[in-house]
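*Asks:* Residue numbers (our numbering), protein chains in the order written: chain A, 43 to 396; chain B, 43 to 396; chain C, 43 to 396; chain D, 43 to 396.
Hints may contain errors.
Just so you know, same-sequence chains aren't split out, so a pair can sit in one copy or run between any two.
What the hints assert, rightly or not - 25 Å max Cα-Cα, derived SDA-like pairs, lysine to any residue: (1) K159 with A268; (2) K159 with L331; (3) K159 with S325; (4) K235 with H301; (5) K217 with P357; (6) K335 with H257; (7) K335 with Q89; (8) K48 with V128.
Worth flagging that the hints you see were computed from the coordinates, not collected in a lab.
Number of protein chains: 4
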Amino acid sequence: MNETVKVGIVGASGYSGEELVRLLLAHPQVELAAVTSRQYAGQTLAQVFPKFSHHPRAKSIRFTEPNASLLATQVRLVFLALPHGVSAEFAVPLLQQGCQVIDLSADFRLRSADVYKEFYAHDHPAPDLLATAVYGLPEVYRSAIKNAMLIASPGCYPTSILLPILPLLRAGLVKPTGIIADSLSGVSGAGRKVEQEYLFVECNESVRPYAVPKHRHLSEIEQELALAAGAPVTIQFTPHLIPVNRGILTTLYLAPANHFTNANEAAELNEKISACYQAAYASEPFVRLLDAKNLPDTKNVVGTNVIEIAWRLDPRTGRLIVMSAEDNLVKGASGQAVQSMNILCGFPETAGLI
Amino acid sequence: MNETVKVGIVGASGYSGEELVRLLLAHPQVELAAVTSRQYAGQTLAQVFPKFSHHPRAKSIRFTEPNASLLATQVRLVFLALPHGVSAEFAVPLLQQGCQVIDLSADFRLRSADVYKEFYAHDHPAPDLLATAVYGLPEVYRSAIKNAMLIASPGCYPTSILLPILPLLRAGLVKPTGIIADSLSGVSGAGRKVEQEYLFVECNESVRPYAVPKHRHLSEIEQELALAAGAPVTIQFTPHLIPVNRGILTTLYLAPANHFTNANEAAELNEKISACYQAAYASEPFVRLLDAKNLPDTKNVVGTNVIEIAWRLDPRTGRLIVMSAEDNLVKGASGQAVQSMNILCGFPETAGLI
Amino acid sequence: MNETVKVGIVGASGYSGEELVRLLLAHPQVELAAVTSRQYAGQTLAQVFPKFSHHPRAKSIRFTEPNASLLATQVRLVFLALPHGVSAEFAVPLLQQGCQVIDLSADFRLRSADVYKEFYAHDHPAPDLLATAVYGLPEVYRSAIKNAMLIASPGCYPTSILLPILPLLRAGLVKPTGIIADSLSGVSGAGRKVEQEYLFVECNESVRPYAVPKHRHLSEIEQELALAAGAPVTIQFTPHLIPVNRGILTTLYLAPANHFTNANEAAELNEKISACYQAAYASEPFVRLLDAKNLPDTKNVVGTNVIEIAWRLDPRTGRLIVMSAEDNLVKGASGQAVQSMNILCGFPETAGLI
Amino acid sequence: MNETVKVGIVGASGYSGEELVRLLLAHPQVELAAVTSRQYAGQTLAQVFPKFSHHPRAKSIRFTEPNASLLATQVRLVFLALPHGVSAEFAVPLLQQGCQVIDLSADFRLRSADVYKEFYAHDHPAPDLLATAVYGLPEVYRSAIKNAMLIASPGCYPTSILLPILPLLRAGLVKPTGIIADSLSGVSGAGRKVEQEYLFVECNESVRPYAVPKHRHLSEIEQELALAAGAPVTIQFTPHLIPVNRGILTTLYLAPANHFTNANEAAELNEKISACYQAAYASEPFVRLLDAKNLPDTKNVVGTNVIEIAWRLDPRTGRLIVMSAEDNLVKGASGQAVQSMNILCGFPETAGLI
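Construct the entire structure; sequences and hints are all you get.
*Replies:* What follows is the structure in structure tokens.
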């Protein structure tokens with residue numbers, strides 16, 4: 043376990059890719075051996091990202107044109123930080139040559155090629171692989187991740203929604219119907235897209251919903267909720283763009299399976315929920331359950347792989363409100379991918395992440 | 043109608059008070075004759091707020107200690123921009139001396155002193171006045187405002203929630219049950235409170251829910267929804283603090299009274315909703331109904347008295363999502379108060395506001 | 043003077059153009075009769091800028107393809123809000139057809155085509171017009187503006203630098219040598235350019251200098267300083283990009299013509315400076331001279347046509363520090379252009395600007 | 043060297059203190075054994091700062107009332123993160139009991155008690171200690187730090203100014219006269235002060251100079267420049283507050299000792315400057331010298347102990363412009379203090395900082 047594993051990143055110039063670079067350069071058991079970027083091919087990491095240049099390796103590693111065959115000879119494991127639809131092209135040859143692949147796009151998150159087509163508006167480029175891919179949510183699929191060749195790392199919104207709901211749904215504490223997820227995301231969630239709507243002046247001093255009512259991430263959220271519920275689940279999901287660089291704050295509206303109509307019943311239910319969360323997450327290194335005095339705040343998780351979760355029962359409405367906060371680029375993307383890599387490679391799960 | 047009306051502001055050093063100063067200095071039919079502030083008594087408007095000093099009157103008007111008797115001799119109408127519980131002290135003597143009062147606090151928004159006590163945790167200081175106060179939402183209570191002596195100007199969150207829901211509820215298009223309001227507010231919504239949680243570093247790059255699940259504004263929201271529904275209404279309301287100076291974005295989750303299960307039914311319902319909103323707001327100068335291509339964005343309303351409203355039907359969940367955006371200090375506070383004043387004084391309703 | 047003047051805007055979809063739209067829609071003596079934009083041709087103002095749609099005319103005015111001949115038949119005066127080098131193409135035919143032109147680009151700000159070429163790296167497209175253009179700084183060139191056909195509205199940085207220095211230089215109170223201007227600009231100063239460096243995530247939580255040491259605006263700054271000094275002037279100018287939407291804060295380091303070596307001499311000099319500024323600006327509606335207790339703050343001028351100026355003598359170094367704050371899109375661009383139009387058309391100079 | 047050293051923090055609830063907590067919890071050779079805070083005494087680190095609660099020790103360490111005698115028995119080294127004037131009270135007894143002290147306040151940065159009194163407006167509380175304190179700028183005083191008992195960690199502005207100037211001044215490449223430092227600081231530089239001027243709404247969308255022309259940090263800046271120049275130095279320093287959480291960007295205006303009047307001379311001088319910086323900093327782990335294509339940007343250093351430095355010669359003015367960027371809370375405060383601790387304790391200098 044003391045040897046380092048050589049890894050590569052395809053598409054290292056976007057925000058997720060850059061965050062992978064940050065995490066992998068600092069990782070004690072990994073050697074970042076290859077980074078690719080069409081835009082920056084030929085330049086060193088230090089030239090493209092001055093902020094990494096104090097790292098000894100940043101001056102020697104150069105971006106290359108993406109080339110799956112070459113990569114497969116250089117590294118054991120490849121992270122794909124590419125747009126949806128492009129990842130599959132690289133995953134297929136890499137897997138064929140024996141590389142393990144952790145894909146940060148949506149290409150392998152869905153079990154059904156039909157659902158993929160419904161939400162992503164084109165045929166799935168490699169439907170045969172869907173059955174073998176493991177959804178890289180370590181708190182749920184840890185044992186499957188251990189032996190995976192292809193890991194589909196979850197989306198940022200799905201992570202912020204699934205981790206709070208899944209234990210409650212599995213325990214039957216909440217109904218699988220009528221779920222609402224209202225999410226607020228920092229602008230890095232859109233990626234390093236050079237489009238007018240993401241200009242500073244267009245985002246600063248602005249708050250706005252978007253993709254209402256059918257955001258693509260619904261597909262993987264509902265898939266995973268359905269697996270937990272043992273039945274199809276349809277939810278309401280509204281993303282909003284807010285002027286912060288990083289962070290997702292999700293507020294969930296849930297219906298407890300059993301009504302509570304007074305303070306006593308609420309207290310009783312509260313204990314069940316607390317016990318459920320404790321059972322699920324007390325020993326999880328990256329889930330922070332807040333107490334009755336604290337609510338999640340993105341500033342407490344930015345830069346870390348931690349997701350904060352808090353909940354409140356509302357005796358006036360009979361609803362359970364669960365709130366979560368995560369860094370969309372870390373627990374919502376690259377940190378979670380590294381967490382999966384740690385499991386896959388037999389490293390301590392928190393290596394390079396705390 | 044060509045004469046100017048003398049008005050005063052009690053508590054002109056908070057954010058709502060400052061915004062009232064801005065609007066009233068520029069108002070063509072008003073003379074801002076008195077401003078009070080314990081903190082700044084003796085100083086001119088120009089000294090306290092350099093940004094107003096290009097206005098000719100800003101160098102002559104001085105802040106005074108608040109004194110209801112004196113004010114009543116100086117002005118015909120007084121705006122109270124004071125904390126909850128303090129407004130009533132000033133409203134009583136001002137009204138007794140014949141002044142009209144527009145109160146921006148919560149003191150006179152509720153019809154029931156009991157509900158006030160439940161939500162504000164102290165006895166109402168002037169329960170006799172509750173019956174005479176008019177809730178200053180011009181789009182709903184225009185005719186009552188016209189003859190009011192005491193106007194209770196609505197809260198910022200309530201405005202952003204009530205204007206989108208009321209027409210639908212009155213028309214019976216949505217159910218009065220299960221309503222959820224998820225709101226995002228800029229930091230000025232907290233007032234000019236010098237508390238650690240509102241420091242720049244604590245708010246910037248941070249998003250957080252607060253006051254979950256029972257925010258005080260629920261009391262006036264539910265009161266007004268109940269009046270529209272003709273029956274008690276209990277809603278879920280979750281406010282969040284986001285790092286912008288101004289603006290509230292509210293996302294509402296509503297259940298249409300009639301189910302829609304396919305695209306045709308959705309289109310039909312959509313037309314009814316559109317007709318309902320057109321009937322309610324097409325001629326309202328400060329309500330902007332967005333079309334199917336646009337969603338509300340706080341940056342399009344900041345600094346104006348306009349509220350933007352858009353809606354989407356979700357055939358997957360059967361829900362109606364309505365979204366609104368307003369400037370919490372203008373349509374959510376001072377602009378709306380000036381709008382009420384315009385009605386009360388017989389000015390054009392948009393005077394000083396466009 | 044009660045008639046309205048028809049005006050047009052070429053290039054109305056950038057930030058300066060949008061700000062012109064805002065100011066001209068609200069202007070009491072102007073009818074905005076034409077707006078052009080290649081990108082938005084065919085759409086109404088209300089469609090492109092929902093925030094203006096409460097204005098009655100915003101639903102009827104449509105963007106058209108820019109066409110100088112047509113424009114000249116529709117309006118008396120045209121604002122050009124175009125990139126450097128493009129304005130001249132439109133100015134020439136408009137002037138030929140008798141239209142007055144207020145150009146917000148740098149095309150006509152320099153008196154020398156050679157200097158233009160040095161700083162803008164291409165031949166001047168219409169050198170013959172340079173002699174007839176008036177530099178649209180009303181506080182300096184008011185009488186020339188009155189009779190101009192072609193006004194070259196100053197740049198945002200130049201305005202923030204020239205207004206504080208010119209009176210001192212003309213009065214011989216400061217030396218024309220060794221001047222340093224250190225400026226901080228909000229991101230809208232870059233225009234609505236869809237480039238990676240202006241993305242929200244790249245600007246937020248970032249501060250950086252740029253164009254060091256030879257920014258293009260030096261050419262017009264030094265031209266105007268030289269005219270005031272009666273001799274060539276070379277200055278140091280360092281612009282920085284800071285994460286605000288609007289506002290320029292400039293800090294100037296100047297050497298008083300006469301040394302001061304103690305408090306008495308400093309006090310004496312301070313009075314001369316104060317008298318000089320009072321003589322220059324006491325009756326200027328858009329220059330706010332701050333007292334010894336206040337320093338400029340962009341938040342006090344944003345949205346207005348005001349420039350704030352303060353100064354401090356430093357007996358330790360013998361230097362005079364002068365600081366200014368303005369809104370780069372208003373006094374630094376569109377507001378100043380409207381101010382020039384007011385002078386040109388014989389309107390009150392503050393019409394539509396207060 | 044494999045043993046951990048026990049350290050404590052007095053005043054751990056401010057921003058510098060919090061940053062020390064972050065760095066020391068993660069430090070491989072340190073045990074954070076005591077944290078004090080009057081405000082939070084009795085609470086655990088995890089309770090006060092939820093964001094540290096994933097760290098195993100955060101749930102066991104409790105804030106205590108500050109007590110020098112007790113601390114001296116618990117730890118070998120104490121960081122003082124206290125206001126100016128308060129640190130000395132703690133330093134004296136801690137030193138007497140054999141503790142090493144790293145003070146982040148200004149109390150021990152000056153060699154002269156008279157200069158202290160001039161700038162801090164009260165008598166120095168422990169003038170006898172001034173001679174023994176070492177100014178904790180590792181790039182300059184590394185060998186003295188190694189054997190110090192009392193380290194006065196430099197201020198944030200001074201670090202951003204001294205590191206770029208000192209090598210040039212020592213090499214005689216720039217004149218010690220006429221130096222100007224224009225600095226832009228994020229709001230955390232003001233500390234966690236609950237004052238109106240640091241509220242979110244007062245800082246956001248605002249830029250402003252302050253403390254013009256005589257900021258307290260001038261005293262230590264001029265002291266260190268004088269030591270490098272071998273003669274008294276008086277500089278001009280203007281700090282500005284900008285709306286970012288962290289980061290200082292400093293722009294320095296310097297006069298080269300030898301004039302350069304053409305491109306050849308500039309190129310020659312440029313090489314000398316480059317060689318001077320290379321000699322001083324090429325092997326420094328926390329100084330990043332930028333090449334001719336890059337300028338400093340605070341976003342590239344935030345969260346790290348790195349200072350970025352770039353320079354440009356201006357043949358038009360004959361000046362040298364040097365620019366630096368650092369994180370005011372890391373290289374400007376807590377990171378630099380940890381760097382000093384590493385030297386003092388014989389740890390690798392980058393331990394816990396990369």
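*Asks:* Failing hints, ascending?
*Replies:* Hints 2, 3 and 4 are the ones this structure does not satisfy, whereas the remaining hints hold.
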